[in-house]
Structures are given as C-alpha cells and as structure tokens.
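Take the sequences, apply the hints, and build the full model.
Protein chains in written order, with UniProt numbering: chain A, 1 to 269; chain B, 1 to 285.
Keep in mind the hints are simulated off the structure, nothing from the lab.
Hints may contain errors.
[As the list claims (entries may be wrong)] In silico EDC-like pairs for lysine to aspartate or glutamate, Cα to Cα no more than 20 Å straight-line:
| # | chain 1 | residue 1 | chain 2 | residue 2 |
| --- | --- | --- | --- | --- |
| 1 | B | K110 | A | E56 |
| 2 | A | K103 | B | E240 |
| 3 | A | K103 | A | E145 |
| 4 | B | K168 | A | E56 |
| 5 | A | K103 | A | E154 |
| 6 | B | K168 | A | E93 |
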Amino acid sequence: MSSLLSIEGLSIEAGGQTLVSDVSFSVASGERLGLIGESGSGKSLTALAAIGLLPEGLRAGGSVLLGGKQVVGARDRDLVPLRGTTVATVFQEPLTALDPLMKIGRQVAEAVRRRARRDGQPSDETTITREVLDLLDQVALPQPERIAKSWPHEISGGQRQRAAIAMALACRPELLIADEPTTALDVTTQAEILDLLGRLVRERNMALLFISHDLPVVANAVDRVVVLRHGRIVEQGPVGTVFQQPSHDYTQSLVAAARSFDNALEIAP
Amino acid sequence: MTDTSLIVASSEGRTRRSWAFTAGAVIVGLHLIIGLLTLVWTPYDPAAMSGGRLETPSFAHWAGTDRLGRDLFTLIMIGSRIALVVGTGAVIIGAAIGITIGLIAAFASKTLDDVLAAGLDILIAFPTLLLAMLIVASSDGASLWTAIVAIGIANSAIVARLTRILAKRVLRMDYITASRISGTSWLGVVAIHILPNVWPTLLVNLALQFGLAVIAEASLSYLGLGAPPPNASWGRLLQEAQGTVYTAPFGAIAPGIALVLLVIGINLLADGLRDIADPTRRRRR
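In structure tokens form, the structure reads like this:
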C-alpha cells in the first residue's frame with residue numbers, strides 16, 4: 001500500500017509561536033486514521049496544513065506529501081488540481097459548511113460538475129442532476145428530490161451534514177478528511193452519521209482522516225490513532241492497542257476519563 | 001420543526017415589509033414614468049413663458065409658475081428625469097468601483113488591505129458634497145456628467161467598505177474552504193459564493209445610495225455645481241425659488257415635495273428589496 005498522505009516533521013508557526021511541532025504520520029490508501037486531542041491541540045491545523053489551506057499568518061515547515069506532491073511551500077495554483085481529486089473535507093459545523101444562499105441540489109451539482117469537467121465526462125444538466133440525486137440517496141437523505149430543492153435553512157442539522165458529505169463524495173476523493181463531523185449533532189444523529197461515513201469509506205475504498213476529541217467516537221470509526229497534545233504527537237498505533245494499553249500519561253487520562261463517563265452512564269438509572 | 005408562533009410572527013413582518021415594497025415601487029415607478037414621458041411630451045415648453053409670473057397653483061398650471069412665468073410642473077417633471085439619471089449613473093459607477101475595490105481588499109494581503117481600508121476610511125470621513133465639489137471644480141465645468149461621476153466616486157467608498165466587510169465575513173465560512181478543497185479557483189469562489197452572499201445586503205445599501213445620490217445632486221445643483229440650465233434640476237428650482245419664498249412659497253414647496261417623495265419611495269423600496277434578494281427571509285412554502 002502506498003501512502004496517500006505522508007507528513008514528516010510538520011511544524012506550524014504563528015508570529016514566532018509554535019503551534020504544532022514535529023508531527024509525522026501517514027495515511028495509506030483505504031486506511032482509516034484517527035487524530036485525537038483536546039481543543040487547541042493542533043488537530044484541525046494539521047489537517048488544514050495537509051491540504052495547504054492554512055489561514056493567513058500561519059507558516060508550515062517540514063514536509064507534507066499529498067498524493068506524492070509536496071504541499072508545504074507550494075503555490076496555491078499548483079494545489080488546486082490536487083484538491084478534490086485526492087482529498088475532500090467534511091467540517092464540524094454543518095450550518096456554515098453549506099452556502100446559505102444556494103439550494104442543496106445546486107451546491108452538490110457544483111461539486112459534481114467540477115469533477116465531471118476534471119475527468120472529461122459529460123457535464124450536461126440531465127447527467128449532473130441524476131448524479132446529484134444519486135449522491136443524496138447514497139448519503140441516506142429521504143426524498144432526494146425534495147432535499148435538492150430545499151435551502152440549507154429548511155433542513156435539519158443531521159440532513160445538512162449528510163448534504164455536506166454528499167458534496168465531499170461528489171469529488172470522488174481518495175482521502176476524506178472529517179474534521180469533528182459529529183460534534184455539532186445530537187447523539188442519535190451522531191451515530192447515524194458515523195455509520196454512514198463508515199459504510200461510504202468501505203464501499204468506495206476511501207482513506208479516512210478522522211479528527212475528533214471524542215474517544216468512543218474515534219474508536220468505532222478508525223483502525224489507527226494518533227494522539228496529539230499541545231501540538232506534539234504523544235502516542236500513535238492501532239486503535240485497540242492505544243486504547244487498551246495506553247503508554248503515555250495523557251492517553252491514559254483520556255481513556256480513564258472516557259471510562260469513568262461510561263461507568264457513570266451505566267450506573268445511572 | 002419550527003415553532004408555530006415564529007412562523008406567524010415572520011409572516012406578519014413580511015406583510016408589513018411587502019406593503020413597504022409596493023408603496024416604494026409605486027412611487028419610484030411614478031417618477032420613472034414621468035421621467036420617461038418628458039422625453040416625448042411635457043404639458044408646456046419648459047423654456048416658454050406660458051403664464052404670468054409667480055402664479056399660484058391652478059388648473060392650467062398644477063404647480064404654479066416660476067418668476068419667469070414658466071410652468072413649474074413641467075420643470076419638476078424634467079427634474080424627475082434628471083434625478084433618476086443621476087441616481088442610476090452614480091449608483092452604477094459607485095457599485096462598479098466600490099465592489100471591485102472591496103473585493104480586492106477582502107482578498108489582499110494584510111498590508112494592502114490595511115492601506116485600502118485606511119484610504120476608504122479617509123474618503124468616507126470626507127464630506128460627500130465637498131468631494132463632489134472638488135471633482136466638479138477640477139473638471140472643465142459643471143455638467144450632468146461631472147455631477148454623476150463626482151457623486152458616484154464619493155459613494156464608491158461606502159460601497160467598497162461594506163463589500164470588504166461582507167466579503168471577509170463570507171470568506172471565513174467553512175463552505176468557502178470546502179469549495180476551495182474541491183478545487184474551485186478564487187474567481188470561481190467570488191462568482192459562486194461571495195457575490196450571491198454579499199448581494200442582499202449590498203442591494204439594499206445601493207438602493208439607499210440611490211436616494212443619497214438624488215439628494216447630493218439636488219445639493220450640487222443648489223450650489224450651482226450640478227447640471228447647468230436649461231436642465232431643470234430640483235436643486236436649481238429650489239435655489240431659484242429661494243428669493244421669492246415669502247411671496248410665492250409654492251415655488252420652493254413643489255420641487256421639495258417631489259424630492260422628498262422620491263427619496264422616501266426609494267427607501268421603502270430598499271426595505272422591501274432585501275426580502276426578495278435573500279431566500280432565508282422568504283416565506284416557507
């Protein structure tokens with residue numbers, strides 16, 4: 001298996017302050033990797049650096065190879081063809097992940113059309129519409145025709161997140177980056193979205209980079225985890241090993257916290 | 001699902017707003033029809049002495065006559081056309097320059113953005129009228145075009161600042177990043193996401209700018225810096241009536257009413273426009 005994303009000694013600095021340092025990990029094609037850490041541990045920044053979309057004022061150092069191309073220091077224009085073909089993203093907040101002034105169908109259609117042009121496939125209106133409805137159906141949205149004609153504010157948070165996933169899938173990426181995709185959702189919806197992501201990743205043989213602070217969520221969604229704290233990797237390995245025999249103090253405290261929370265729930269009537 | 005009372009409240013608010021829109025559309029539409037009509041027909045020859053001097057309103061002269069005996073209603077009708085031409089021209093120029101600069105500032109590096117933002121703030125702090133006077137004074141002489149260009153440039157600073165702020169807010173949204181990740185170029189992002197999201201607020205602001213442009217033109221004409229005679233601008237009619245305002249007050253009141261009516265109409269229209277431009281404020285079907 002070749003590495004789809006390979007990060008070596010990544011560091012991110014903002015005005016002399018180091019936010020992320022010496023982060024190295026790789027994602028092979030078809031592999032599911034979890035990136036865990038508390039708020040501000042640099043997990044989202046690492047993901048943004050991986051696709052060369054760091055906010056202005058932040059500088060990345062080290063090496064990020066995405067689909068075999070160097071991302072750190074590359075010009076934006078050179079990265080445009082990489083995005084979409086190699087990687088797509090699902091964000092935390094489904095409300096801001098969709099353009100409020102564009103109907104769902106059109107938003108997904110934009111992504112489908114870009115993909116079709118890129119691959120030199122027919123991009124006429126009927127083909128696109130058929131694929132949009134097909135995608136909405138794949139992310140298990142009820143009544144795709146109705147959803148396609150809705151504005152983002154007219155559907156629920158879970159439905160919006162499904163629509164955002166459909167947009168990401170429209171690009172047919174090899175790697176899907178999910179940045180806390182379930183944090184803004186209630187527990188039931190969260191489980192549904194996780195199932196959906198798991199199923200889609202398997203069916204399409206995509207690699208998944210799953211970012212979350214929620215241990216149980218990550219445990220079910222990925223094969224391997226990387227634990228970040230204060231911008232440094234404290235532990236990485238297969239999900240079973242890390243969670244059952246955590247070697248680092250921080251991971252141990254994370255696991256213990258999650259366990260005690262679980263126990264509290266079981267004791268509660 | 002949405003709370004029922006919320007739907008009721010918003011639909012009530014909507015009825016009120018669409019009433020405003022209708023009233024605004026009627027008033028502005030009336031001015032538009034009158035303005036177009038003057039191109040082919042006016043009740044009297046605007047330059048001819050069609051009645052006695054300073055006559056009060058009568059059936060023959062709806063708004064009376066001025067101190068040269070010209071029909072005031074004819075002149076006010078022509079004033080409508082001038083006001084609309086200046087308003088439209090100034091808004092188009094202001095929007096073209098303002099939106100371009102605003103978008104450049106929103107995308108620019110921090111240094112360029114700071115320079116542009118400071119420049120815009122200085123330009124806004126400068127009184128519109130003074131700026132317009134400078135531009136008129138530095139050109140060959142006052143004409144309808146110098147007035148339009150001057151007011152347009154003065155307006156563009158406000159449009160630019162608003163566009164910059166709105167565009168920056170939209171740029172921070174996840175859907176921009178998502179769109180960039182899926183491979184949209186920056187120009188594509190502007191066309192697909194930024195302009196549509198900025199548009200509802202900008203449209204309302206442009207409509208208000210239209211009203212301000214009409215007032216600015218009247219002020220310039222009042223000062224003798226607007227369209228020169230024989231263009232009967234409302235501002236010039238007001239200025240001409242000033243000397244006789246105690247003996248024949250209607251000469252000042254009539255163009256004043258026309259001016260106020262148009263500006264109110266535009267403001268009502270602006271209020272209603274937002275609902276049409278912004279789907280999140282439209283009623284659920």
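Status of each hint after checking the structure:
The hinted pair formed by B:K110 and A:E56 meets the criterion: a straight-line CA distance of about 9 Å does not exceed 20 Å. For a cut-off of 20 Å, the pair hint linking A:K103 to B:E240 is broken: about 55 Å separates their Cα positions. The hinted pair formed by A:K103 and A:E145 meets the criterion: a straight-line CA distance of about 12 Å does not exceed 20 Å. Distance hint between B:K168 and A:E56 is fulfilled; the C-alpha atoms sit about 13 Å from each other, no more than 20 Å.
This hinted pair checks out: A:K103 and A:E154 have alpha carbons roughly 10 Å apart, not beyond 20 Å. Distance check on the hinted pair: B:K168 and A:E93 sit about 19 Å apart at the alpha-carbon level, within 20 Å; holds.
In this structure, the one hint that does not hold is number 2.
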